[in-house]
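K.L.:
Here's the letter readout for the chains.
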Amino acid sequence: MALSGLEIYKLLPASSKDPEVKKHGNCKECGFPTCLAFAMKLGQKQAELSQCPYVEEESKAQLEASAAPPIRLITLSGDGHKLEVGNETVLFRHEKTFYHQPGLFVRVKDTQADAAEVAKAVGEYTVDYVGMDLTLDGVAVEADGGDFAATVAAVKEACPLPLVLLTEDPVTAEAGLKAAEGIQSLLWAATPENWEAMAKLAGEYKVPLAVHVDGGDVDALAALAEQVQGTGVEDIVLDPGVRDHVSSLSVFTQLRRLALKKNERKVGYPLIAFAGDDPVLAGQHIAKYAGFVVVDGFSPGTVYPLLVMRANIFTDPQKPIQVKPGVYEINNPKPSDPLMVTTNFSITYFSVANEIESSGIPGWLLVADAEGMSVLTAWAAGKFDAERIAKSVTSTGIGEKLDHQRMVIPGHVAVLMGELEEELPDWEINVGPREAVDLPNFLKMQWG
Amino acid sequence: MPTIEVPKEKWSGKVREITLGATAADGGTRAKTVTVGGETTLPYLHFEGDIPHPPAIAIEVQDRKPADWSPVLLEAWGDVTEDPAAWAKAAEEAGADVVMLRFSLHDDLSAEYARETLRVVLDATGLPLIVFGPGQAELDNDLLVPVAEEGKGEKLVLGVCEDKNYRTIVAAALAHGHLVDARCPMDVNLSKQLNILISDMNLPLERVVMDPTTGALGYGMEYGYSVMERLRLAALQGDGMTQQPMLVTPGEEAWRAKEARTEEGVPEAWGDWAERAVNWETLTASALVESGADILVLRHPESVKRVRAMIDALMSN
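Protein chains in written order, with my numbering: chain A, 1 to 448; chain B, 449 to 765.
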């Protein structure tokens, strides 16, 4: 947990109990007038601790520890695809944002004849959502009594994404790690029984290691993570062994709180969750704190909604997503079909576009650049005025696609009508409804 | 081995308990009532507080066969969509706790029509009812006032009650013993303000359901999700004007999305239509269960099953 400026000040020479150190208090050698001023800058991350030549070793250790993220960043990589999870700082996305989307992995077994085929489909899957290419993150290969090494090799050959190797047997694990050499896999799992051998493998093959206990026992999990960490393995992932809705929600919340609010280092790692074939459980893991989500089976009709859910939850609430300003054609409009104007705030755009689309009425939607604000907010901020609307009419050349010169503006900005008629003297301006939901009806009644 | 102490929040607030429907003993005709709310912690964290009631699932039934519903939905219900009474019965059989009767927009809407439709649905099911108008403030008033009279004493939830028409709807609820669905566009302060305005009209807050407005998966779901988390946190921290149970409409919103509605001209990567469509509704709903929904209005019977399974799992403690 980051320390405040005042907490840092207590660790600097001016506050030292050792007179030999204290005499250097406020020496200005760091470039700041006092230790307090330096502490404040450190707190804001605008200065480096190394600028102070006199800071005590003990303080240094404390300050460095406080600078480490409360949930460690874990990186996996495949052949050109990298996945980073962890480094989260909040329990609720509205408090700031969630930073790293959980990796979504599809599980295959080494007894499964089509493992490589599934892996290929997983690796090739990509889907467009509001201009972003959403993809899965890898394949989890489970040792189930088949030829693990051969399956891992075949999956790696078929799919360029990172792998999770699922086995608790160190001999099998090593065979899998050998087959997966060249990429950064996650090894699952070290247990209270096998942890020494597994930790050794994780060290040798330089891969992150998941530690696994049964039944959501947080104490046992923390103890195991500490033991593994004691062998020098730093990249750890936690599996508290909960598989159902209610216990995973409780235990994952507890672990996240321990890491963030209690600064409990022993559990300061991302979590791995297994959702089986239940997309609802996978959805819960996405929203509530998993770093890796393993699902059984690959089916686009389920994967696509899950990827969209992940994109939604991990959208930064501080930066509303915008759509590109321009002309959007809905339901294949003809030159005689209506033209409507709105702003480029994504939710505004989606509300309007979705209403028109579901009504089945063809239309042209002109999205003005209102810097990502909704209609009323943008109007109040002067980002959605007659001048801007007129400019987008000209710059998009929408007039040339139509056989009429008539447009519908949102009811909330009816006041713009007069000014717009001045800016666009050849156009007829119609005031539409205030809410998108009333658009289809408005179009049916007013546009004919 | 030192034991790690699991951090527990000490919440001072509690969500209000609200009961939908009235049995004969309370002046209504419902076979049973449904109580929601009463939470003293965040959703399903049983280790630090009480979750006395599972969220209720309402199934949406329309007054006549919907003209704009996806064929996936219409096929799932079959012929009952032709008749609101049969549909309400089918909804009860499909596992609804509550039936939502929604009037669609057409030329036959009138006070008398609204009364008759309500009457046949009340006669067909013993479940509590939510009654929504077509969603245009003036028209809603014209229909919901006679509905409130006709259903006197049934403790219906009348909606939507928003800043434009709350006076009329609240007055009707006050006069005839109903509840209101207070809807605001995804904003914590607007929700609080509407609750204040409603309680200033002397409708007890035990008769107000808060509706934060629902966005479908992919179409703003996360805005509603976060507003709900903020409202629930405020409620637990003791802010009395945010302690209403929350009603959401994932069925309506998800089935409006192209992903659920059509199979024509969509990318291959979207996968099987029916599978995707039901997932769209289910995942929209399940995210809102996680963020504190107390009443979920759904449309597809399979989504009802899945959301019910999730709720059962989250309540099994």
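Check each hint, because a few of them may be wrong.
[What the hints assert, rightly or not] Under the rule of at most 25 Å between Cα atoms (straight-line distance), these lysine to any residue pairs were calculated in the SDA-like manner: (1) K324(A) - K456(B); (2) K456(B) - S336(A); (3) K753(B) - N263(A); (4) K262(A) - K753(B); (5) K10(A) - K262(A); (6) K612(B) - K262(A); (7) K753(B) - G276(A); (8) K458(B) - K324(A); (9) K261(A) - I499(B).
None of these hints come from the bench; they were simulated from the model.
K.L.:
Compare the distance between the alpha carbons of K458(B) and K324(A) with 25 Å, and conclude whether the hinted pair is satisfied.
P.N.:
45 Å, violated
K.L.:
Are the Cα positions of K456(B) and S336(A) separated by 25 Å at most?
P.N.:
62 Å, violated
K.L.:
Just to be careful, I want the Cα atoms of K753(B) and G276(A) compared with a cutoff of 25 Å; is the pair within it?
P.N.:
18 Å, holds
K.L.:
Check the hint pairing K261(A) with I499(B) against an upper bound of 25 Å on the C-alpha distance.
P.N.:
With a Cα-Cα distance of about 24 Å, the restraint between K261(A) and I499(B) holds, given a limit of 25 Å.
K.L.:
Given the proposed pairing of K262(A) with K753(B), does the C-alpha separation stay at or below 25 Å?
P.N.:
39 Å, violated
K.L.:
Sort out whether K262(A) lies within 25 Å of K612(B), counting only the CA atoms.
P.N.:
Not OK: K612(B) and K262(A) at ~46 Å, beyond 25 Å, violated.
K.L.:
Could you grab the alpha-carbon distance between K753(B) and N263(A) and see if it respects the 25 Å cut-off?
P.N.:
It is violated: about 40 Å lies between the C-alpha atoms, which goes past 25 Å.
K.L.:
CA of K10(A) to CA of K262(A), is that 25 Å or under?
P.N.:
20 Å, holds
K.L.:
Do the alpha carbons of K324(A) and K456(B) lie within 25 Å of each other, as the hint requires?
P.N.:
44 Å, violated
Hint compliance for this structure: hints 1, 2, 3, 4, 6 and 8 are broken, all remaining hints hold.
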